[in-house]
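Novice: Here's the letter readout for the chains.
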Amino acid sequence: MKLLVPVRRESRIVLGVAFFIVFVALWSFLSMSGAVPRHFLATPWQTVASGWNLFATQGFTHDVGMTIWRVVGGFLLAAIIAVPLGIAMGVYKPIEAFFEPFVSFARYLPASAFIPLLILWVGIGEAQKLTVIFIGCFFQLTLMITIIVSGTRRDLVEAAYTLGCKDTGVIRRVVLPGAAPDIAEALRQVLGLGWTYIIVAELIGASSGIGHMITDSQALMATDHIIAGIVVIGLVGLLSDLAFKKVNQHLFSWSLLR
Amino acid sequence: MSRLSIRDVSKTFPGHRRNAPTTQALLPIGLEVGDNDFITVLGPSGCGKSTLLRLVAGLETPTTGEIRLDGTRIVGAGADRGVVFQSYTLFPWLNVRQNICFGLREKGMKLSEQREISDRFIAQVGLRGFEDHFPKQLSGGMQQRVAIARALANDPKILLLDEPFGALDNQTRVLMQELLLGIWEQAQKTVMFITHDIDEAIFMASRVVVFSARPGRIKAEIEVGFPHPRHYTIKTSPEFMALKARLTEEIRVEAIAAAH
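Read top to bottom, the protein sequences are chains A and B. As numbered in this note's numbering, the first sequence has no gaps in its residue numbers, which increase by one up to the final residue, 258. As numbered in this note's numbering, the second sequence has no gaps in its residue numbers, which increase by one up to the final residue, 1260.
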């Protein structure tokens, strides 16, 4: 192994798959050998079977759909406000000075700690779930976009002024296109963050969703269902991430040129 | 008629921290640049020659004095002064043609006209066939040619160049000088060209303005009388050599002063 030398595409796939095999083998060993009792840790096969069962007979598709809509909904609400606000904070320093200290503070407030309060304020309905995701995503995203926009190349801005642009033209034709690939990347990362908050939000006071299924299964000691639920979250997260990446690569192919 | 008129212009930069000393980049200077003049500003690094260009471009405000272009006082940057920077400043998300049309689009020019003008300048800087390339797909010399075309397409009253060929290898730099001089001989534009390269300063200029070490002031103004069109072979002529020797002496003193 040489430092920082990339591997070939085929070996990368083989290596990536290999670890999944190692992982499943270890899991099988622990669960099948009896090292961990079956009712604490379901075997991989049980998990797949009950995952199938969840989708086929217990309407799990509805739960997955609800969870996706909550994540995407809360994330979009956060993005709709955070993107323009972050851009404004990035280009206009007084606006940054006004909001930045509070946003930096709010970023460290754990979204899950708001759940009891939110239940009091907005009940246990969809509004509560969306708000948790919103709080979890919004402050993080605002700060990331502010930093991205602040990093706009000054020489490009100056070039635009000498070509006749006014402030709005510079924002529209230099700041935005220059920051767009990084903003898209920030959105992708923060969507992943949304997935980590949704389950916590659904563990309390939900009547549907993957998190709700997991709490129900805990009461029944159905570890196979719990693990199946966790795996589904991982897969959906992975798929949304890949889709996001593809779209970014397509939209901002110029930024990938070397 | 005098196109560019610089009167008693000086520039002092504030210190970075509170109570830090201020930096005087430019002592009060005066300079007149006539219509269609090609002046080069020659000086050691850090002498304030780039500051002068940025003041004319409107990217900095003078501490004292004023700069007028065709009698109008310069406040802020504008499309009437085209700038080619030392760093590569093409917009990386736009291809060659879109970069050249950047200022034209800002003016709201019709697409057909934009195309016509960009075609002309693409041909003039020798980049036919590269219209759809992105900046990262071009060499440094090609990027600077696009930058020159982008500035000229806007039809500015004056073209300001801040060591545009400084980062290029020697052979490319010489070719770029010939290219720029050729464009100037055809188009007749007022040009202000900043450089620390003596050959470059003499070869293109009708007048060389020599700067002192920081704080910058004008040390000498030297007319360069070689007829146009100029061929690169004049660089080995005795007259050129004599001028070069004289400027080398002037600059050497300043470079030594700057190093201390």
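In case anyone wonders, no lab produced these hints; they're calculated from the structure. Treat the hints with care, since some could be wrong.
Incomplete in silico selection of chain A near chain B, CB under 7 Å [what the hints assert, rightly or not]:
1) T152
2) V157
3) A159
Far from chain A by the CB rule (all over 12 Å, computed), these chain B residues [to be verified]:
4) D1008
5) T1022
6) T1063
7) R1105
8) L1127
Remember, predicted model here, so these are calculated numbers, not experimental data. Using N, Cα and C, we set each Cβ at its ideal position, and we do this for glycine too.
Novice: Would you mind marking each hint as holding or not holding in the structure?
Specialist: Each hint, compared with the structure:
For T152/A, the suggested interface contact is broken, since its CB lies about 12 Å from the closest CB of chain B, more than 7 Å. Annotation: V157/A was flagged as interfacial toward chain B, and the flag is violated, the nearest CB pair being 10 Å apart, outside 7 Å. Here the hint on A159/A is kept, as its CB sits about 4 Å from the closest CB of chain B, short of 7 Å. Chain A leaves D1008/B outside its interface by the beta-carbon criterion, the shortest separation being 24 Å against a cut-off of 12 Å.
Here T1022/B stays apart from chain A, with its beta-carbon at least about 22 Å from theirs, past the 12 Å limit. The non-interface label for T1063/B is consistent with chain A: the shortest C-beta to C-beta separation is roughly 20 Å, beyond 12 Å. With a least beta-carbon separation of about 8 Å from chain A, R1105/B fails to lie farther than 12 Å from that chain, contradicting its non-interface assignment. Remark: the non-interface label on L1127/B is consistent with the geometry, its nearest Cβ contact in chain A lying 18 Å away (cut-off 12 Å).
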